[in-house]
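A.B. asks: Chain residues, written in single-letter form:
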Amino acid sequence: MSGGPKLNVRVAEVVKVNDLITRFRFVARDGGLLPAFSGGAHTVVEMDDNGTRRLNPYSLMSDPEDRTGYEISVRRDDAGRGGSLYMHRHVRPGMDMVLSHPVNLFPLDNRARKHLFIAGGIGITPFLAMTRQLARFGGRFELHYATRNPALCAYGDSLKAAHGDRVHLYFDEQGDTLPLADLLSRQPLGTHLYCCGPKGMLNWVRSAAATAGWATHAVHFEEFTAPATGAPFAVTLERSGKTLTVGSTQSLLEAMEAAGVDAPYLCRGGACGQCETDVVRCDGRIDHRDHWLTPEDMATNTKIMPCVSRFEGRTLVIDR
Amino acid sequence: MSLDVEYAFDEFFRDETFVDDFTYRNSPAAIRRFPFPFDRDDYMYSVNMEPHVPGRKGSVFEKTFDVDEHYVSEMRDRARILAKDPLRCQSLPHMTLAGWDLLELIMESKAREYPQWFSLTKNGDRWRWINRPLGIDHSFTFLDETTLPCGPMEYITRQTQGDFTLQDEREGTLWVDAGMVTTQADWSLDFDIGMNFHEWHAPVPLAHEKGIFDRALKFLLKLQHGAPVRRFNWTMTVNPLLDTAPETYPEWGYMRTTLNQENMGHMMHLRVELQALFRLPRSNAIAFSIRAYLGKFEELVTVPKWGRRLHRVVRDIHPDLAAYKGFLRNRDAMAEWLSSYDDGAPTSPGWWPED
Amino acid sequence: MTKTEFPPSIRSRPVYGELEPRAGIFHLIVADGEGADAVIALFAKAADAASMLAKSHILYTAGPNGTDEWDRIAALGAAQAQKAASVPTLLFRLARVLQDVQMGTQIYLTGTEGLMGQAERDIMALGFPHSDIQKEHRGSTVRRVQCVHCKGVTENVRTDPFQCSHCGLHLFVRDHYSRRLAAFQGVNIDAEDRGQVPPPVERFR
Numbered sequence: 001m002s003g004g005p006k007l008n009v010r011v012a013e014v015v016k017v018n019d020l021i022t023r024f025r026f027v028a029r030d031g032g033l034l035p036a037f038s039g040g041a042h043t044v045v046e047m048d049d050n051g052t053r054r055l056n057p058y059s060l061m062s063d064p065e066d067r068t069g070y071e072i073s074v075r076r077d078d079a080g081r082g083g084s085l086y087m088h089r090h091v092r093p094g095m096d097m098v099l100s101h102p103v104n105l106f107p108l109d110n111r112a113r114k115h116l117f118i119a120g121g122i123g124i125t126p127f128l129a130m131t132r133q134l135a136r137f138g139g140r141f142e143l144h145y146a147t148r149n150p151a152l153c154a155y156g157d158s159l160k161a162a163h164g165d166r167v168h169l170y171f172d173e174q175g176d177t178l179p180l181a182d183l184l185s186r187q188p189l190g191t192h193l194y195c196c197g198p199k200g201m202l203n204w205v206r207s208a209a210a211t212a213g214w215a216t217h218a219v220h221f222e223e224f225t226a227p228a229t230g231a232p233f234a235v236t237l238e239r240s241g242k243t244l245t246v247g248s249t250q251s252l253l254e255a256m257e258a259a260g261v262d263a264p265y266l267c268r269g270g271a272c273g274q275c276e277t278d279v280v281r282c283d284g285r286i287d288h289r290d291h292w293l294t295p296e297d298m299a300t301n302t303k304i305m306p307c308v309s310r311f312e313g314r315t316l317v318i319d320r
Numbered sequence: 001m002s003l004d005v006e007y008a009f010d011e012f013f014r015d016e017t018f019v020d021d022f023t024y025r026n027s028p029a030a031i032r033r034f035p036f037p038f039d040r041d042d043y044m045y046s047v048n049m050e051p052h053v054p055g056r057k058g059s060v061f062e063k064t065f066d067v068d069e070h071y072v073s074e075m076r077d078r079a080r081i082l083a084k085d086p087l088r089c090q091s092l093p094h095m096t097l098a099g100w101d102l103l104e105l106i107m108e109s110k111a112r113e114y115p116q117w118f119s120l121t122k123n124g125d126r127w128r129w130i131n132r133p134l135g136i137d138h139s140f141t142f143l144d145e146t147t148l149p150c151g152p153m154e155y156i157t158r159q160t161q162g163d164f165t166l167q168d169e170r171e172g173t174l175w176v177d178a179g180m181v182t183t184q185a186d187w188s189l190d191f192d193i194g195m196n197f198h199e200w201h202a203p204v205p206l207a208h209e210k211g212i213f214d215r216a217l218k219f220l221l222k223l224q225h226g227a228p229v230r231r232f233n234w235t236m237t238v239n240p241l242l243d244t245a246p247e248t249y250p251e252w253g254y255m256r257t258t259l260n261q262e263n264m265g266h267m268m269h270l271r272v273e274l275q276a277l278f279r280l281p282r283s284n285a286i287a288f289s290i291r292a293y294l295g296k297f298e299e300l301v302t303v304p305k306w307g308r309r310l311h312r313v314v315r316d317i318h319p320d321l322a323a324y325k326g327f328l329r330n331r332d333a334m335a336e337w338l339s340s341y342d343d344g345a346p347t348s349p350g351w352w353p354e355d
Numbered sequence: 001m002t003k004t005e006f007p008p009s010i011r012s013r014p015v016y017g018e019l020e021p022r023a024g025i026f027h028l029i030v031a032d033g034e035g036a037d038a039v040i041a042l043f044a045k046a047a048d049a050a051s052m053l054a055k056s057h058i059l060y061t062a063g064p065n066g067t068d069e070w071d072r073i074a075a076l077g078a079a080q081a082q083k084a085a086s087v088p089t090l091l092f093r094l095a096r097v098l099q100d101v102q103m104g105t106q107i108y109l110t111g112t113e114g115l116m117g118q119a120e121r122d123i124m125a126l127g128f129p130h131s132d133i134q135k136e137h138r139g140s141t142v143r144r145v146q147c148v149h150c151k152g153v154t155e156n157v158r159t160d161p162f163q164c165s166h167c168g169l170h171l172f173v174r175d176h177y178s179r180r181l182a183a184f185q186g187v188n189i190d191a192e193d194r195g196q197v198p199p200p201v202e203r204f205r
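Those protein sequences? They're chains A, B and C, same order as listed. According to full-length UniProt numbering, the first sequence is numbered sequentially starting from 1. According to full-length UniProt numbering, the second sequence is numbered sequentially starting from 1. According to full-length UniProt numbering, the third sequence is numbered sequentially starting from 1.
Fair warning: there could be bad hints in the mix.
[Said to hold, decoys possible] Below, simulated DMTMM-like cross-link-like pairs (lysine to aspartate or glutamate); rule was C-alpha separation at most 25 Å, straight line:
| no. | chain 1 | residue 1 | chain 2 | residue 2 |
| --- | --- | --- | --- | --- |
| 1 | A | Lys242 | A | Glu257 |
| 2 | B | Lys222 | A | Asp319 |
| 3 | B | Lys218 | C | Glu155 |
| 4 | B | Lys122 | B | Glu104 |
| 5 | B | Lys122 | A | Glu65 |
| 6 | B | Lys218 | A | Asp278 |
| 7 | A | Lys6 | B | Glu50 |
Because the hints were derived from the structure by calculation, they are not lab data.
Work out the full structure: start from the sequences and follow the hints.
C.D. replies: Given below as structure tokens:
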């Protein structure tokens, strides 16, 4: 079956963290233990949103050794496709839900002499699990976490309490800027850098690390992105013999699943490569939004990642 | 280090050797469950992965980690090899957590699937492990190496048949960064440890050009926790030497020159590796279990289908593969011996003896 | 002498590129023998060689074939440059330098495989990704070979087969290479047919 093995869970807690963020805790329905996981892992949450099946990836933020439950934090996105709104509005304690086994596309490099974490906003979630895992096994790290203001600095206090001076908080509205260039210039050889946050921050860190001469394989980004909305488009699935319309708040992958086509997937965020599909015919422009395909694949429109990418034009036929 | 072990042989666990007087052999029941690897009359590489889910009852696929009549003797042979060469078990410093993942996976599987032999009781992080065939009763603290007599990977793989390697995932590939390797088909852990997937498979002929390793790697990077997979590999070994290591090649290499039509059935062994691959939870590493089964030619030809098929595979194999697998010099003699068990009749598809 | 062309080989056999100046807060350069030519070419390519030299540390030793171009290295005028008496003494100096080097440092290795491999091994051990270390082969192609049987490493192997300098077995030289050991693999050539050792051929110069 596509998507791999599943975990049957029940919602144990729903906690409003601040105006934008709500935390959810899931426990095994049979009362047993969930698998341990590695810092940086995510789970794919299955939602039945009024007949629309949504599968959204969220970073696991709880202690990886706490097998009694998993926690995720969801930032409400009023302009998004609806997954975060569903989580905020409809998910209540006691509800049964289904999760994927943890998958890690943002792992720690455990050979590192030191780990340097840079987080922006909701991008803090993978680092909550990573810092707990490192603290337990004695790894060296520094966490630098930027948010708009103290009220939106989710988990800042608990991070400070747990890790003290290793945690540094910055508030944009107070003109308090993360001193990136300085940080990058004083890390011992063998340090690895990890960044998770809004796109602007990722680009900022990527270019600053390149300017500072950082080893490219020592710089890691949480790449997966929620699928964006867009204009509806038609697609023909050659092997299945079906033609579908992909709705504006639906991904191509979701449209195939809704039509009963079993398509492979893992991260649903354009990062893992599992859903890679050959394009048979393309008369128009594929809006490639993934981090997987090579620039050549994208330029020649020979492949598409149905979990995030969209299409504009006359005809799109794919090998599925 | 040494585990405090008492080898308990009985009517099931055979007392036998894999060196010197070579008393190893399979019981009739073990021959019937031998994992014959050829599902057709010819052989070429393929990725050939399938989900590692419980297979036919009584088969080597039934349990997560098969424990058979050779268990106690194989563990004694492993201890013998490690006493002579501790470099056969190594773990780079960042792989200790993956070792704990492996220990947990094996202990939980064995206690669940073989309760007559193994038991695991947990009180928080205080665990008590009982291994009756090896006479071990040991309490330790999970994730605390100081409570074990050796590292967690070494501890559990001294009690588990088959070689193990642990692969770290970085930079879009897998790195063989830890392993227990004493039953290998001529590769050196000490030399290969730290290499990536394509590097440690570099000496394998033909398969790179066919894209086998590119496809296998892509598949493995998507391996998910809770969904292990398995595949076969095979080679030929003269005498029941589980340990055909490059390290000791000067001690066993000459045996390849001692074969003739009289001793072929007894001395030549088909060596089958059942490889199972597991994504590990805490470390995100991938464990390879590489379990070697040895079957004497004279044992295998007691199944008529296998006798016919083995003859055809050996006779027709690509010479580069025969050379890589180390039997090119004996290939014609092997085919000649096997030919008397091949009457030319058609064989049924699949590998099961009775189908 | 320009960079060396090696015949196509298996995937574990290292391949080398050409040193290119890259942006960095510091430049650590390790070279032996004819590697001096690559170091000089590296600075010749730099947009601002003077400022790159002001942030450079060069460690140099003569090559296994006796080539010694230290005078040309010294004349470059790097902020720091040392000549080591041998590869092992160069590696002691490198270990000390690595203690204080920061991320953002560009690392360049050039010369023979034995020197580059051992420097790479020591840098990797600190958690630095080996794929971000630049390497360019120059000069002698003699090999560092580990005997898979006794584990002893024989330096500057010229012939195939050769006799292990530790255990005395006759070994053939594979292209299989371990980055962790910085060595090619040597395997007993007469294990099956004892005493049948073919005459050695000079394959590495």
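A.B. asks: Each hint needs a verdict: does it hold in this structure or not?
C.D. replies: Hint by hint, here is what the structure shows:
A hinted pair counts as satisfied when its Cα atoms are at most 25 Å apart, and A/Lys242 with A/Glu257 qualifies at roughly 12 Å. A C-alpha spacing of about 20 Å is found between B/Lys222 and A/Asp319, which places the hinted pair at or below 25 Å, so the restraint holds. At most 25 Å may separate the alpha-carbon atoms for a hinted pair to count; B/Lys218 and C/Glu155 exceed this at roughly 38 Å. Note on B/Lys122 and B/Glu104: the hinted pairing holds, with a Cα-Cα distance of about 11 Å set against a maximum of 25 Å.
Restraint check for B/Lys122 and A/Glu65: satisfied, since their Cα atoms lie roughly 15 Å apart, inside the 25 Å limit. With a C-alpha separation of about 16 Å, the suggested pairing of B/Lys218 with A/Asp278 holds against the 25 Å cut-off. Distance hint between A/Lys6 and B/Glu50 is fulfilled; the C-alpha atoms sit about 19 Å from each other, no more than 25 Å.
When the structure is compared with the earlier hints, a violation turns up for hint 3 alone.
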